[in-house]
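Visitor: Taking the numbering used here, the leading residue of the sequence shown gets 172, the next gets one more, and so forth.
Source of the hints: derived by calculation from the structure; they are not laboratory data.
Don't take each hint at face value.
Below, in silico cross-link-like pairs of lysine to any residue (SDA-like), each with a Cα-Cα straight-line distance of 20 Å or less [to be verified]:
hint	residue 1	residue 2
1	Lys189	Ala252
2	Lys216	Asn233
3	Lys189	Val220
4	Lys216	Thr198
5	Lys216	Leu202
6	Lys216	Pro230
7	Lys189	Asp212
8	Lys216	Thr204
9	Lys216	Cys239
10	Lys216	Ile237
11	Lys189	Ser210
Since we're looking at a predicted model, the values are computed, not measured.
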Amino acid sequence: MESAHYFSATPAGPFNRKPLTVELAGTTHTLQTSGGIFSPDGIDKGTAVLLAEAPSPAPTGNLLDIGCGWGPIALTLALRAPHATVYAVDVN
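All chains, full assembly: derive it from the sequences and hints.
Guide: Given below as structure tokens:
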């Protein structure tokens, strides 16, 4: 049997929600994640660098996070630009 990956269109593993507390845009948030997504236990190093170094988003308009996983980038965009519309999409 092949092992499933977080990017599988139909993950074979169970969907087990678990709480995750993270700091995004300078505030603490508790979210729900699952083992079938990328980096379910927290923000990975690459995303942490991106969030720390990326310029602020436009304050309004449409913002898109493709391959969002549990959404640390999309959530940070929404927190930094509360008047923008943020779209977050992922394969699974």
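Visitor: Next, verify each hint and record whether it holds.
Guide: Against the structure, the hints come out as follows:
no., hint, result
1, Lys189 - Ala252, "violated (27 Å)"
2, Lys216 - Asn233, "violated (26 Å)"
3, Lys189 - Val220, "violated (24 Å)"
4, Lys216 - Thr198, "holds (18 Å)"
5, Lys216 - Leu202, "holds (19 Å)"
6, Lys216 - Pro230, "violated (26 Å)"
7, Lys189 - Asp212, "holds (9 Å)"
8, Lys216 - Thr204, "holds (18 Å)"
9, Lys216 - Cys239, "holds (15 Å)"
10, Lys216 - Ile237, "holds (18 Å)"
11, Lys189 - Ser210, "holds (13 Å)"
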